[in-house]
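So the chains spell out like this:
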Amino acid sequence: MGADMLAIDRAARAIGQQAVLSVQGLSVEFGPSGNSVYAVNDVSFELAEGESLAIVGESGSGKSVTVQTLMGLIRKPPGRVTTGRALFRGRDLLAMPDSELRRIRGRDIAMIFQDPMSSLNPVLTIGLQLTEALREHQGLPVKEAERQALDMLDLVGIANAAQRMQAFPHQFSGGQLQRIGIAMALVCKPSILIADEPTTALDVTIQAQIVELVVRLQKQLGMAIIWISHDLSLVAGFVDRVAVMYAGSIVEQAPVERLFAAPVHPYTIGLLNSIPSLNAANTRLVPIKGAPPNVTLPPTFCAFAPRCEHTVARCREAKPVLETVGAGHATACWRWRELAQAPRMPAAPIERVAAAPASQAPLLVVSGLKVHFPIRRGVLRRQVGAVRAVDGVSFEVMRGETLALVGESGCGKSTTGRAVLGLERPDEGSILFDGKDYAGATGDALKQRRRDMQMVFQNPFGSLNPRMTVGRIIGEGLRAQKIGTRASRDARVSELLALVGLREALRNRYPFELSGGQRQRVGIARALAANPKFIIADEPISALDVSIQAQIVNLLDDLKTRLGLTYLFVGHDLSMIRYLSDRVAVMYLGRIVETGSTNAVFGAPLHPYTRALLSAIPVPDPKAGGTRRRIVLGGTVPDPSRPPPGCHFHPRCPLATDICARVEPQVRDFGANGAGRHLVACHHAGEATP
Amino acid sequence: MRRFLMSLVPMLGLALATGPAKAADGGTFRSAMRTGCIEMGTLHTTCGHRLDETVMQGLVHIKWTGDGVQPMLAESWKTADGGKTYVFNLRHGVNWHDGQPFTAKDVVFSLNLYANPKVGSPWAQKLSAVAGYKAFQDGSAASLAGVKALDDMTVQIELDSAKPLWVDLQLIAISIFPEHILGKVAPGDIKGNAFWVNRVGTGPFIWKKYESDQYVEVDRNPDYFLGAPKLDRIIYQIYKDVPPIIAGLQTQEVDAMSYEGGGVPISELPRLEKLDYLSVLPKFSAGLPTYLQFNLENKRFADARVRQAMLYAIDRKAIIETVKQGAGELLNTLFPQEWARAKDLEPYDYNPDKAKQLLTDAGWDSSQPVDFIYYYSDQMNVDTVTAIQSYLAAVGVNIQPRLLDPAAINQVYADGSFQMGFFAQGMGLDPSLGSPLVVCGAKPLAMGYCNPKVDELFDKGLESNDRAKRAASYQEASRILNQDLPKAWLWNEVRPLAFNNRIVGLSQHFKEQPLVIFNHAVYNEVEKWEVAK
Amino acid sequence: MTDATAADMTIAAATSRGLWGEAARRFLNHRLATLGLVMLAVIVLACVLAPLIAHYGPNDIDLRGRNQPPGGIHWLGTDGTGRDIFARILYGGRISLTVGFVAVAISAAIGIFIGCVAGYFGGKVDLLLMGLIDMVLTFPRLVIIIAFVAVVGPSIFNTMVVIGLLSWPSIARLTRGEILSLRNQEFILAARSLGTSPSTIILEHILPNVLSPILVAITLDVATVILLEASLSFLGLGAQAPAASWGNMLRDARTLSILESQPWMWMPPGAMIAIAVLSINFVGDGLRDALDPQHIMGGK
Amino acid sequence: MLSYLLRKLLLSIPVLFGVTVIVFAIAHAMPGDAVLAMITAEAPSSEELIAMRRGELGLDQQVYVQYLNWIGQVLHGNLGRSFVNGRGVGDIVGERLPMTLELMGVALLAAFVIGTTLGVISALRQYKLTDYSLTLAGFVGVSIPDFFMGLLLVYVFALELRWLPSSGISTAGENFSLLDNLRHLVLPAAALALFRAAIFMRYARAGMLEVLNQSYMRTAKAKGLRPGTITLRHGLRNALIPLVTVFGLALPTLFGGSVVVETIFQWPGIGLMFIDSVVNRDSPVIMGYVLITAIIVMLANLATDLAYSVLDPRVSYD
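Residue numbers (the working numbering), protein chains in the order written: chain L, 1 to 690; chain A, 691 to 1223; chain G, 1224 to 1523; chain Z, 1524 to 1841.
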């Protein structure tokens, strides 16, 4: 605090408005003293009227705890505010009794949360949930409250609002629920909206809708926003200022352009370097080394020191305070002045080592794959329909290449991956691997295929048996396939540990003793144990923190080169996919709509869905926000048990015409000579979007 | 928990303040009765006979003093031939509770009902001496030939042979039913008939209401032939278990624990004796010889020395003084009636050494355990079995007790699938009632014992109604049974009873009763009882 | 608290104690659970060593010394036939605890087997077994045991077997449910994709993971069965005289005089039932916390 | 929904069938039979009489024939006649069932209300003295068998304090009054309820704690609602949902408990009837009891499912 407050104060004034909220020296601990988790350490920031501030940090950085403390939402015990003030229009939120704070919550400061499904009460109608704050704070009669709630639902774009007031949360899609959550927060027209990762649980196209909505409403209602996120790219496009948090402290805050243009804190720099950019394709990602911080140690040193390239003794001895760097720009680093002199990026962007060029011989050919899950109903449990998870998918993966299967949740990409591996039984179609059809294979045939083909799973928590040691987990495939002797298997496990960058000492640890990144490395080692040729990676990084994602992506990349692997990469993070894949197949509602080389698909997408998807990707560049054209898709993904007739995408497609509703589009090749095939299933492929 | 209890307090207080008003009347007498006695009717059960004292009635009832019978619906009777033919003069002017007059028709009908094979009453046997009984039973006759109405108010009953004690010992079991009601019911439907839960009788109280497993309410009959009762009503409260009766006595929710309630458990005596509003009769002879049963068809027990050894092995005096708290009279033969017992019986005083010697002499194999069955599950009896087990173990008889319920006991008896047991048999009324335990071929209780001399003595005991003559026969039998020990006689059970002093006449009558008379209606001047002012 | 900090704490706390070490640590941190374990251990030990501890045999009657209040000779007094209550408590504990443990062992064996079969095979087998489970659950257990005991006769062995035979459905259901939810866990998928055989999957992946909730359920079942045995003995259908069990000792309290003025006869067995059940419940609760997969699977 | 219910009912038919077969087998495997049970030493029956009575009751036939006869009657809506007193089993059960249902219903309701209230209070005061004491009390509550609780209650409230009657369903011979009936109901219902209240409390506490950690509770708080509104409207509704299962599972154990409690308190319900029927080997009554309780338990399970769908709009059956 102290001198630095002045800097912040100046920064706020530079924007030329009065602070509506001023947080000063906030520290929050959890658990009994002496055995505490230091969740928030000496955090200070200001928020001007109408301003939007992003607080960005990875999990455990204390960003959510900070804002929840302001709202009085953390549970005490175990939580404790040890120091600090939070002045809202001059009144200290932390000092007032809860009964008083209660009158501010929801009326003056409102909040929207991460998971729209779990943050709405499942057993109450949304009408009731929308009106109760109005009735509480403004004492409105039911009718009036309902009228205002209806207006607000209209404003957030819920169709048929009047009828849907009686509906329960589970009857809405995730995107709609978040709209309702926003409506609920805004019914009392608060002066501050706190958005706690409101889009993290949503698909990228829905995320774009929500961001757009919040930005629009902010303008309409003139409120200030604190947007909590782990995703620098996302907030780049629409906030005024960014504060970066690490291990409970703000390490850097600055106006958004400045933060992206001239970051000074090594963590901010590291974070930016670990995000792939849609534009700079061949720069190797630079991950931040090490694991997330340990917040059970008292904050008496720079928490980033263990992972920092520039650590000196001082960093380990004393905690740096926020110092002013420039107008509205402050950072907490002992060495920022020295580092600012040095080149900002690591020496030169490292070129991605090109993998051996993919051969033209396909390793895997999938054609006409269908996986349907039956729906049984009625007295006799007769099958009345099916969820068409995968509904006629064809693609091929060449030896040595990475094919990315992308799409939003529920499009069938994971099921496709599992069917290829034989974990789901296909209803139709063929799966040719190395020239042999394995569709519906069982027994030995399947076992043989599993020697050659392995999978890396999404959830680093759920994919490792919690009751097995790391060594046993990695060796499981060898035991299952009866490869080698006990001694040779042990040796192989050591080899694999080294291969994925884990210390030998971890061999006898259990998964719960490992960090997320380490667990995912174990998962990779397990997949590699029997020397497979082909790896299916099912969203292997989506559950990891940004700085860790880059580590895993680089590892996968290295392994591919070293071991000559072929990847089928299932994912939804398009920037990551652009970075690591050779070719891309885009799925929508059980079908592939576009396949082609990464450059072709990302450079010149032909299917309207691909275009919308790409345009929705947040770009880590505040300037791009204004120039990029966004195609925001309306509506939500239909129920896969009742897909629309004709082209599955037509109800949401900006180009749709009559034919789309009637005729299923055939796959057509738009590939230019020599650049490989570029397959698109659309009647209007390539036409300009209106 | 405490919180919850505390929160109940105000609620209970409220309930108390407005508890049910005590019926302001000439008096209600609440008597405890055990479950399962009512619905089967007196044709089928051996319990529930208190209702035959108050609602239904017989021609004669046993006097509460135990000496002889009291004329009830029969005003008088005579036998000209020493007990072969009896002529009963019925009481005049008696009406059924529904107003219909009582006549000889009802008597003839009732006797035939008991004996009718289609009714299947266990009490039919009480009439087995009546002429024509066999023919009626095997279907060759449509009624009892020996029973005739001489006129509207006179009935003649003829027996197969002279039985001077027939009225005192057999007829007392028979209740008289209204012919005008039950006569319309097919014999096969008598069981389970609604009549049993809505009885119409001639007694001092009129059946009012029956609630299954709760109570029977009977109201005073102002026209009762022996004088209108002073009590307004009697409520027979039905209990399955003894502890609630004890609790009820203490809280005065119930006035009488008579023997149909099972008697007061010995262990509860001290508790009730402290209450000044109760009269406790601690040593009411139950007329219930208790004994160790041997399955004499099993060779292990064939040698009388084995049986004698067991009796020597058990310190019965100690058991009576401690576990039974004095509630038992040492018994060394079958008969609980003192006049039926010889004076010079072997006392089988506690002598474990002698027991061991006898067992050795008889070649007893102590390595084999003995399967031992019993069915009294109250604390005192379980303790008693425990003590017996311990005493027998000390001399090398290793019994393994097995608690069975009545149906299982009967099955086990029928199968003979047991070795020993602990039982008692009610025979307070007369020594002759002991015959099923010891006469040749009596199933199932004799269990293989047969001594023709004993059979002969039992027959002789019934040939006269002169107690002195009868005593000679029974005393002779008692000596034989004392030596043979077909069962190891332990003691004569004593059954403590408790009555609330509120009811004047209640405890007084029981004090005068010499021993418990099970299963038969007793005349105890109920119409004269009253509630103390 | 945020989920991340919970995970962090676990990671921070984790040394190389290993999985069971970690569970043991959490268990011992649970004060009540430790207390329960100690109490239970003391009880079990005392019952096992009964002949060494008690000065009297459980069935040594002393008619002249009956109904003695607790004192120097008979620590807890004597009962209606002069048997030493303390000795009977110890020997009775053998029976009560044996019934508890054996009956639950029987029901756990059946329950886990049926649950595994139903959960693993699914389909028609599952439907059939679930029907069986529903059927047994439809019986009021105590009622059926009463009827059953009437058939086979009351004895401690019969009681044990009958309780065991009728108590498995809850464990079967639990096992099945756990297996069904595990079947879709990614690590099972991973094992399948590695070519691990079904039997290995059940043995290495499923059983160890379903074991902890089942262990908790089993522990709590022991407590229930001890209470059930007490109820049966109270109705005279459990342990037969002269053998002691806590339940049939408690039967003495049916006599109001004893209930009122000889509390030493019923308080010790009553207290032992309560303490044993309480301890087992504490232990179960501690196990539940210690084996909670939330701790192992991580915070997410 | 309707088809779900139909399906459930359809599936319950074989289950019921199985229940009856097993119980019939048990009832007939009991040593002795209804005829033998009626014999007492004072009125020894001849073998002819026994055979005749067995013939009357159909006990001389093969067990499977007896079962088929019985099930045939049942399918015609006739539960048969008691071997003991010849009354229709349907009548007997119909007379007594309401009493048992009153006892169980009040006990269950009291257990639920008390247990849930205390559980919620305990959860709201987590790690405070109230919570620790209630939790401990709950542990003690589930450690005391209900028969023993019954004895203690009689001793304290009926014998020592004389506040309440010790047994029966109403004062015998008085005209029925609800108040009188309720006074008699308090102790047996409490004996049944306390144990179960402790169970409900444990589950309610756990449920409420879980709900308190849900994001929607945070949302409600963030809206600035009153703590009471948050707890009751947002918390309790959700915390109640898992209790429905506990409620459903409590029913079979309650039938068992009522057998014991009815014996202790001379409560003239079907539990008391059942004990008698076992002693008397009155298999039509045994069968009637089992069939009725099984049906009630099944209906209760269905009701549980229905309650789920009412309480939780996410649940829909098809």
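In short, the hints are calculated from the structure, not lab data. Some hints could be false.
[To be verified] Here's a subset of chain A near chain Z, in silico, CB distances under 8 Å, partners left out:
1) D922
2) R923
3) Q940
4) T941
5) A992
6) G1131
7) E1220
[Unchecked claim] A few chain Z positions that, by computed beta-carbon distances, are all more than 10 Å from chain L:
8) G1541
9) L1675
10) E1683
11) A1743
12) P1750
13) V1769
14) D1835
In this text, all values refer to a predicted model and were calculated from it rather than measured experimentally. Every residue gets a Cβ at the ideal spot worked out from N, C-alpha and C, and that includes glycine.
Hint by hint, here is what the structure shows:
Residue-level restraint check for D922/A is violated (minimum Cβ-Cβ distance to chain Z is 10 Å; threshold 8 Å). A distance limit of 8 Å between C-beta atoms decides the matter here; for R923/A the minimum to chain Z is near 7 Å, and the interface restraint holds. The criterion of a C-beta within 8 Å of any C-beta in chain Z is met by Q940/A, whose closest approach is roughly 6 Å, and the hint holds. The criterion of a C-beta within 8 Å of any C-beta in chain Z is met by T941/A, whose closest approach is roughly 6 Å, and the hint holds.
This hint is violated: A992/A has a C-beta 24 Å from the nearest C-beta of chain Z, more than the 8 Å allowed. For G1131/A, the interface hint is violated, since its Cβ never comes within 8 Å of a Cβ in chain Z; the closest pair sits about 12 Å apart. Below 8 Å, beta-carbon pairs count as interface contacts, and E1220/A has none with chain Z, the closest being about 18 Å; its hint is therefore violated. With a minimum CB-CB distance of about 20 Å to chain L, G1541/Z clears the 10 Å threshold, and the non-interface call stands.
Chain L leaves L1675/Z outside its interface by the beta-carbon criterion, the shortest separation being 38 Å against a cut-off of 10 Å. With a least CB separation of 43 Å from chain L, E1683/Z remains clear of the 10 Å interface cut-off, as annotated. With a least CB separation of 7 Å from chain L, A1743/Z falls inside the 10 Å interface cut-off, contrary to its annotation. P1750/Z, annotated as away from the interface, has a beta carbon of chain L within 10 Å; the closest lies near 8 Å.
The Cβ of V1769/Z sits about 18 Å from the closest Cβ of chain L, beyond the 10 Å cut-off, so the non-interface label holds. The beta carbon of D1835/Z sits about 6 Å from the closest Cβ of chain L, which is not more than 10 Å, so the claim that it is off the interface is violated.
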